[in-house]
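Turn these sequences into a full structure, and let the hints guide you.
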Amino acid sequence: MSWESVIPNVFARDAHLDASRAAVRPMDDEAFAGFYERSARSLWAYLARTSGDPALAEDLMQESYVRFLCATLREEGEVAARRYLFRIATNLLRDHWRRPRTTPIEDVPESFFARCGDAAQAESQMMLGPALAQMRPRDRQLLWLAHAEGYSHNEIAEVMGLGSASIRLLLFRARRKIARLLGEEQRGRAL
Amino acid sequence: MMLRPCPREKEVKELVERGHWPVAAETAPELRAHVNDCRSCGELVLVTAAFQKARIEAAGTAKLGSPGVLWWRAQLRRRNEAVERIGRPILGAQIFALAVNLLLAVVFVVWRARHGFAWLSWLEQLPQNATLHLDSQWFDTLWPFALFGSGWNSLLTPMVLIPAAATLALLGGVVVYLASEKQ
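Residue numbers (the numbering used here), protein chains in the order written: chain P, 26 to 216; chain U, 14 to 196.
It should be emphasised that the hints constitute simulated quantities derived from the structure, not laboratory data. Any given hint could be a false lead.
Restricting the straight-line Cα-Cα distance to at most 27 Å, the calculated cross-link-like pairs of lysine-lysine (DSS-like) are [to be verified]:
hint	chain 1	residue 1	chain 2	residue 2
1	U	Lys66	P	Lys202
2	P	Lys202	U	Lys26
3	U	Lys66	U	Lys76
4	U	Lys23	U	Lys66
5	P	Lys202	U	Lys76
6	U	Lys76	U	Lys23
Listed below in C-alpha cells is the structure:
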C-alpha cells in the first residue's frame, strides 16, 4: 500500500489549480507588458478624473495591476481582462472613499498640488472638473464608464457590481444632472 | 420620470464616440435638427463629447511606470500568499496536537488526583537514590507512571499510553490539515 492511498488528496489543491490554469492561461510578462501599454492610460484617466487626485490615481493604478496579476481570470480575451481590471480599480476607489480621511494637509507633498495645477489647466478639466466635483462618487464612475469608456449597461453592471436594471436608472439621473451642470458652465463661460 | 430612450440615441452616441460629431451633423442637417430638438440626444452629445475630450487629455498626461516592476511585485505577492496558505493548515495541526496533549495531561492529573498524590513520593525518594543502579528499582523510582503498580508490568501501561496519545495527536493534526486542504 502506497502512502498516497493512505493520505489522499494532499496535492489535490495543486491539481485543481492546474485545471483552472488550463481554462484561462495566466499572462506572461511580455503579454502583460503589451496589455499594460494598451490599458494603463485609460485606467489612469478613469482613476484620476473620478477621484480628482492624480497621485491617488497612480497608487490605485499600480495596486489594480498587481491584484489583476494575482487573480485568476474566469474569461479569456483582452476585453474581459480590461473589464476585470476596471472592476478592481472601481472597488479600490470605493474602498478609498469609505475610509476616513486622516492625512493632515501638512503631510501632503507639494508635488501633489503642482500636478493638480497642471491637470486643472487642461481645457476639458476646466469644464468637466467643476461639474464632476458636484457629482456623487458613484455617479462619476458610472458616467465615466458609460461616456468615456463606452461601456454598455451590462458591462457597467459587471464592473460596478450592480444590477443592470438599476444602472439604467442611475445613469439616466446622473447624465441629466451633469448635462444641467455642464450647460450652466457653458452659459457662465459664454457670458 | 420617463426612461424611454430616444430611438436615434444609439446612432448619435456612436457618432460622438467615434469622433464624427459635429462633422457628421454638417452632412446630415436632419440629424442636427433632431439633436437640437430632442432633449435626450442633446444631453447625450454634450456629456459624451465632454467625457471623450477629458479622456483623451487625461490619457495624454498620464505618467506610466514600468510594467516589469508591477510584474515582479505581483510575483512576490503571489509567492507570499502561497507560503501563507501552506503555513495555515500546518499551524492548525500544531495547535490541534498541542490541545490534545494538554487535554491528556489534564485528564491524567485529574485521574491521579482522584487516587491521591502518593505517586509524588518518588520525588522525595530522589535524593536518597543518589547512587542509582540500572535495575528495575531504578526504573520504578524514576518513572512516575510506574507507580501505577510495581515492576515491569506497571511500566507497560504508560509506555503504551504515551505513544498512543502522541500518535493520536499526530493523526488528528493530519486530519485537520486534510480537512482544511479540501476547503
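query: Would the pair Lys66/U and Lys202/P pass a check requiring their Cα atoms to be no farther apart than 27 Å?
result: Roughly 19 Å separates the two Cα atoms, so the pair holds.
query: Given the hint that Lys202/P pairs with Lys76/U, does the C-alpha gap stay at or below 27 Å?
result: violated (31 Å)
query: Has the given pair, Lys202/P with Lys26/U, been kept, meaning a C-alpha gap of at most 27 Å?
result: It holds: about 18 Å lies between the C-alpha atoms, which stays within 27 Å.
query: Is it true that the CA of Lys76/U sits at most 27 Å from the CA of Lys23/U?
result: The hint is violated at about 34 Å.
query: Are the Cα atoms of Lys66/U and Lys76/U separated by 27 Å or less?
result: Since the Cα atoms of Lys66/U and Lys76/U sit roughly 18 Å apart, the hinted pair holds (cutoff 27 Å).
- request: Sort out whether Lys66/U lies within 27 Å of Lys23/U, counting only the CA atoms.
  value: holds (19 Å)
In this structure, the hints that do not hold are numbers 5, 6, in rising order.
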